[in-house]
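K.L.:
Chains as they are written, first to last, in numbering that gives the first Met the number 0: chain G, 0 to 124; chain P, 0 to 357; chain F, 0 to 122.
There could be a bad hint or two in this list.
[What the hints assert, rightly or not] Some but not every residue of chain G turned toward chain P, in silico, with C-beta under 7 Å:
no. : residue
1   : M0
2   : F25
3   : T27
4   : S29
5   : V31
6   : L33
7   : L48
8   : F71
9   : A72
10  : L75
11  : R97
12  : Y100
13  : Y110
Since the hints were made in silico from the structure, they are not lab data.
Heads up, the beta-carbon is just placed ideally off N, CA and C, and yes, glycines get one too.
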Amino acid sequence: MKEVISTTKGTVVSKTVDMKKDGYRFVTMSCVELDADTVDILYHFDRDLHLKHLRLTIQKKEAVPSVSLVYFAAFLVENEIQDQFGIRFDGLVLDYERTLYLEKEAPDAPYCRISVSRDVKSGED
Amino acid sequence: MARTIIPFGPQHQVFPEPIHLKLVLEDEIVKEVVPALGYVHRGLEMLADVRDFHQMIQICERVCGICSTIHAQCYCQGIEELMGIEIPDRARFLRVIWAEIHRVQSHLLWLGLFADAFGFESLFMQCWKIREKIMDINEATGGNRVNPSINIIGGVKRDMNPDMAQWVLTQLDLVEKEVNHLEKVLLNDYTVKKRTVGKGVLTREKAMELGAVGPTLRGSGVEQDIRQIGYAAYGELAHRPVVGIDGDAYSRNRVRFLETLQAIALVREAVSKLPAGDISVKVKGKPEGEVVTRVEQPRGELMYYIKGNGGKNLDRLRIRTPTFANIPPLLSMLPGIELADVPVIVLSIDPCISCTER
Amino acid sequence: MFDMTPNILRNFFHKSSTRLYPKETRQAFGNARGELYNEIEACIFCRTCARKCPSQCITVDTKEATWQCDPFVCVYCGVCVENCPKKCLHQKNDYRKPVTDKEIIFMKGETKKKKCEGDPQET
Ligand code: SF4
Ligand code: SF4
Chain G
0 MKEVISTTKG TVVSKTVDMK KDGYRFVTMS CVELDADTVD ILYHFDRDLH LKHLRLTIQK
60 KEAVPSVSLV YFAAFLVENE IQDQFGIRFD GLVLDYERTL YLEKEAPDAP YCRISVSRDV
120 KSGED
Chain P
0 MARTIIPFGP QHQVFPEPIH LKLVLEDEIV KEVVPALGYV HRGLEMLADV RDFHQMIQIC
60 ERVCGICSTI HAQCYCQGIE ELMGIEIPDR ARFLRVIWAE IHRVQSHLLW LGLFADAFGF
120 ESLFMQCWKI REKIMDINEA TGGNRVNPSI NIIGGVKRDM NPDMAQWVLT QLDLVEKEVN
180 HLEKVLLNDY TVKKRTVGKG VLTREKAMEL GAVGPTLRGS GVEQDIRQIG YAAYGELAHR
240 PVVGIDGDAY SRNRVRFLET LQAIALVREA VSKLPAGDIS VKVKGKPEGE VVTRVEQPRG
300 ELMYYIKGNG GKNLDRLRIR TPTFANIPPL LSMLPGIELA DVPVIVLSID PCISCTER
Chain F
0 MFDMTPNILR NFFHKSSTRL YPKETRQAFG NARGELYNEI EACIFCRTCA RKCPSQCITV
60 DTKEATWQCD PFVCVYCGVC VENCPKKCLH QKNDYRKPVT DKEIIFMKGE TKKKKCEGDP
120 QET
């Protein structure tokens, strides 16, 4: 991973818009758990077989602004991250309310390490 | 006109795998589509927590049954990049050979399923009959029909001696001959054209914007193929992406048909250029750091994000399969078409739902 | 219009593409990875196979000198065979025959003397 640009919650959408203006294709997003409270969200873009990434480090409890209004294709992966890591996205064009893969009564964040997902739960209570 | 909602799937005759589409219809015309996934979600990515990074190869292979070799290749490529391993030249070529054999197999499977989607039963059977030869090649060279499992970190597991290579080539000659017999049917037949031409059009701009990959993208006239990066041995082989212009189901069908022939040609070329030498290198150490690798699967671009922490388990393994990227374009193809054409168009992106959900 | 017809006619005058299984079977390929078996006399119960197996279907008990494998979990990848230090694990070229009940391959060998016990082939 060579070209990684860090962003913050405030700038991620505008940076994505810039990417789109530059003619980048949205590849996908990856969510990586860093520790009990923080996750990295990586946005991958491609132009002429050349990859570029944005990195956004956030607290698990924070809501992330959705980029699905910029790139419609992002709605699927954002819903997936909602399901798997329990992170909320604001302004999703199509919000499955965490039922893309999961049942309603499923645990909060099945893809976080077990101890962590308990933490998240007690934090919400 | 009253709006009707028709649940399409999860069990539907044309779907080999379960996906659910909520179709909002006005009369016979689709107005809106909402997909629902989650019927075959297996959580394979999280198995990286309990299996070590060597064992993950077999798990990655099982993300998708039809492109298993290519999944393992992508995974191994990523780990090799993390650990700074240079694989031997012979292994690079062997990986191409098996990957392209796999592509022929996958495309033949799809051509059959596609024919089945518009009710061309004899064409379906014919494609699958041809495909059986490829499965035999897989078994004879790799060891298993579906998951030849030849990729390991640091190279490949099995070698191909000249006799074996010759046998593979003669088998492929037979396959090519039979595929050529089908050219007229797949590209010119009245039934095929009637059901596919002008159906499910995806324009070039839309395809780029919605992030389509693989034959779906190339069918819309974008000349992009991850093999152009030249991973494995593709840099040393003559390869140009096949592109269609119209972006309809017929165009995607044509791209896949021509790619089948191209893949056979690539195997021939790779065998003729196969260098001598070792097939694998010894691997020491553990992966550390993060990497994104991509390869071209029969369905399109496959992306692996791997993060290692220097231990034997990976921190995170993220797999973005081509069908996952092709679902948003599919949603834009469907509105405005007739209900009877929905199966053909859904199949035209070559959906692989198990890989989408992993 | 009738582009498929030549193919259909060709198939008519060709021998059948399918076999009358199980009456008629194809000979297995020499490289195929089929049924797993263990030459239990040579096995030193080092557990390498159990540790390396991606589907974790092998259970080895060093003390009791038993080796068991669940053939319905095994994916026939051959990793255990490659890693066995004694080369006592093998794969036949034929697949297991279908059965009506699930079963577990259970093998008991001799408990080895001291010298082999601490031979855990770490990698
Ligand atoms: S690796 Fe070989 S010697 Fe060791 S327990 Fe398994 S079968 Fe026995
Ligand atoms: S063949 Fe593979 S799955 Fe089967 S026992 Fe050996 S290592 Fe395990």
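K.L.:
For every hint, state whether the structure bears it out.
P.N.:
Each hint, compared with the structure:
1. M0: Where the cut-off is 7 Å and the nearest Cβ of chain P is about 5 Å from M0(G), the hint holds.
2. F25: 5 Å, holds
3. T27: This hint holds: T27(G) lies near chain P, its Cβ roughly 4 Å from the closest one there, short of 7 Å.
4. S29: 4 Å, holds
5. V31: Holds: closest Cβ of chain P sits about 5 Å from V31(G), inside 7 Å.
6. L33: Check failed: Cβ of L33(G) comes no nearer than 9 Å to chain P, outside 7 Å.
7. L48: Nearest chain P Cβ about 5 Å off; hint holds.
8. F71: 6 Å, holds
9. A72: This interface hint holds because 4 Å falls under the 7 Å limit.
10. L75: OK, holds: L75(G) within 7 Å of chain P, min 6 Å.
11. R97: Result: violated, 11 Å to nearest chain P Cβ.
12. Y100: Nearest chain P Cβ about 4 Å off; hint holds.
13. Y110: 6 Å, holds
Comparing the model with each numbered hint stated earlier shows that hints 6, 11 do not hold.
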